[in-house]
Amino acid sequence: MDPQAYIVMSAILFSIALLGVMIRRNVLIVFMCIELMLNASNLALVTFSRMHGSLDGQIAAFFVMVVAAAEVVVGLAIIVTIYRTRRSASVDDANLLKF
Amino acid sequence: MIVPLVTGASFAFWMLMPVMILGALGTILARKPVHSALSLAAVMVSLAVQYAAQQAPFLFAVQIIVYTGAILMLFLFVMMIVGVDTSESLVETIKGQRVLAILAALGFFILLIFAVGNALVGRPTGLAQANNANGGNVQGLAALIFGRYVVAFEATSALLITAALGAMVLAHRERTRKKKTQAELVTERLRKYAETGAHPGALPPPGVYARHNAVDTPALLANGEIAEVSVSSTLRQRGSVQNPADLIAPTKQTVQAIAPDRAENPATAVASYVPHPATPARGIQPELEPGESEEEN
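Line order of the protein sequences matches chains A and B.
The opening residue of the first sequence carries number 1 in full-length UniProt numbering; numbering runs sequentially from there.
The opening residue of the second sequence carries number 1 in full-length UniProt numbering; numbering runs sequentially from there.
Simulated from the structure, these hints should not be mistaken for laboratory data.
C-beta: ideal position from N, C-alpha, C; glycine also.
Treat the hints loosely; a few may be bogus.
What the hints assert, rightly or not - Not the full set, but computed from the structure, chain A residues with beta-carbon under 8 Å of chain B:
| # | residue |
| --- | --- |
| 1 | Ala68 |
| 2 | Ala77 |
| 3 | Thr81 |
| 4 | Tyr83 |
To be verified - Under the rule of at most 20 Å between Cα atoms (straight-line distance), these lysine to aspartate or glutamate pairs were calculated in the EDC-like manner:
| # | chain 1 | residue 1 | chain 2 | residue 2 |
| --- | --- | --- | --- | --- |
| 5 | B | Lys95 | A | Asp2 |
| 6 | B | Lys252 | B | Glu225 |
| 7 | A | Lys98 | B | Glu92 |
The shape of chain B in the complex, shown without the other chains (with noise of 0.2 Å):
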């Protein structure tokens, strides 16, 4: 044996202990209030080992599965509504409260490790005992809570309703304008059609070529034109629309390789489709011969 005094126990207390302390800090010290609850993620985590390494199985695994696993991602999610671009001021409110603070904290600090410190005397009697009488950890707590503390636990059921209750009506918004019925819509949007001729069914998806179909693709109108209501306008504003050009690109080149007398216009060649001669397909052949265009005219 190399470190005859050292348990697993202590092993596991002395390692996990640097990264509770800088957990804590982390928490209490992060800008974002997102790397708090991730610092705080391993804080209890490491306080879940602990628990195991002091023959509480149980509660190892409730502090996983209800800290770390419900509560704290409910945090997270909270911080989603609300917290993550929301930039604290640095400014103290009150003059020398952060000293004051800390020095508070360092007394309140010393006080607890002198009174409670004090409690323990002589060795620990261990939980071998106790959790040996009805078979196990997870018995032993069974029979107490069903026990000796069965009216705490049922009050506790009551305290959990009323907290959900509680959670509902406050996250409750009362509508403020009626809900619009089908009937109601489809009167508004015939009316709206009638009045300034906006189209009143469904807009046009976007287009699909031989490589995409994502969101950002413009289908195009028969006459080869983008039809501008194809995507959507925040990606119009954005400027992330794709070029329908490069998109044909690949086809066109396909197209050139396997027939090449019918390349000029890769929608007759990929399709037996002829265009209108009074509308040449803009768009699709953006090159036109300059003969012909001069004869068009």
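Chain A extracted, bound-state conformation (with noise of 0.2 Å):
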């Protein structure tokens, strides 16, 4: 299998996630499109790992999934905490540190 075509793929979720993020306002679709792009990276180091014949992409795709838990877990913690005080999950509702 071609890896031209992982790396196409990569790139489509990639740019897609990345529309996401600049055209929703939902904090929490925002940030599962984040996500994505993790994801959509990771497909990249995998495919790089196969494409090199060495297991040091597939180390990086790891070390990418245990750093999108802990940012989960205190992005979700910080999103819970700004609708406790603002009621609202849109991201334009926190603007106090706008200038």
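With the hints as a guide, bring the two chains together.
Here is the structure:
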């Protein structure tokens, strides 16, 4: 199987997720799009690992997963805290730091 | 061989590519966050299959267990608290933002294809040699994690503990008023009894009938009236409290069939209980004979 197709797939997924981050305003959906970006980059890492015949790419993908788990825990806690104070899940409503 | 050039990996890829693209589009286009999360789950499971097809069985398992099983379920739990009923306004805050965003994403995609796509030259080496060096994919990854990448791995543990602590701190809420002790609760309840006459004990449980004992069946008092507090006030407001006459009807029919002479009052027929003559069993026996009621009056 040609690795080029996997890389294109990874780029497609990353671009779709990027589009989601730019057009959606529900904070949970934006956060899920970030997860989708991490997944897309993982696919590229695994493909390059097979391409070059070494396991380092898979290790990198593994560390991305660990970091994503930690990020989701803190990120969702922040979302819940903001929802408690502002009663809203829209990214436009968390604007106190706006210059 | 019918299709000699199609391998398992390419079959899995071309079958799952539309699923992944549609799932990703569903993630960013679904109105409700829950639908988004389910589409994302489909993408993640398809990605796990791609890992399995690319000689990464460990990442295949981790992708399903950690991403689909843990992270996405965490998302769904938070959606229960936050996002299910939050509707997103579809009005653009910045004019023309959507068109520009689509153009930017398209441009970025082309950039990625030209930049990363050119990094692939020649045939893939394949992981057979790297996997077999230590006796398998999992063993090879373990040798790397606990060998060359051991410092990063240890840092990961610190990161996870910090994340857990951070989530605890963020989710912690300071109690604004003191928690009442058992003694204070009892004092308060008895003071209320002394002042307003509110019953200090437990509320009566819902009624138990021959065929029903759910929370919406009202209990009957000794004189046949409904005990109002035996069903939740929410159910009463919603109007979903059962009618005791309906609940008693099957019992009445049965008694009518087996002991017609005592059927006029099921309470006396079922148990040898005779109601006080001054308080006829209202509710249990809604229709009195016209002659009898005149006599009582």
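Quick rundown of the hints versus the structure:
Annotation: Ala68(A) was flagged as interfacial toward chain B, and the flag holds, the nearest CB pair being 7 Å apart, inside 8 Å. The interface hint given for Ala77(A) holds, since its Cβ lies 4 Å from the closest Cβ of chain B, which is under the 8 Å cut-off. Hint status for Thr81(A): holds, given a least beta-carbon distance of 5 Å to chain B, under 8 Å. Interface hint at Tyr83(A): satisfied, since its Cβ lies 5 Å from the closest Cβ of chain B, which is below the 8 Å cut-off.
The suggested pairing of Lys95(B) with Asp2(A) is violated, with an alpha-carbon distance near 42 Å, which exceeds 20 Å. About 17 Å separates the Cα atoms of Lys252(B) and Glu225(B), which keeps this hinted pair within 20 Å; it holds. Pair hint Lys98(A) plus Glu92(B) holds up; C-alpha atoms about 18 Å apart against a cutoff of 20 Å.
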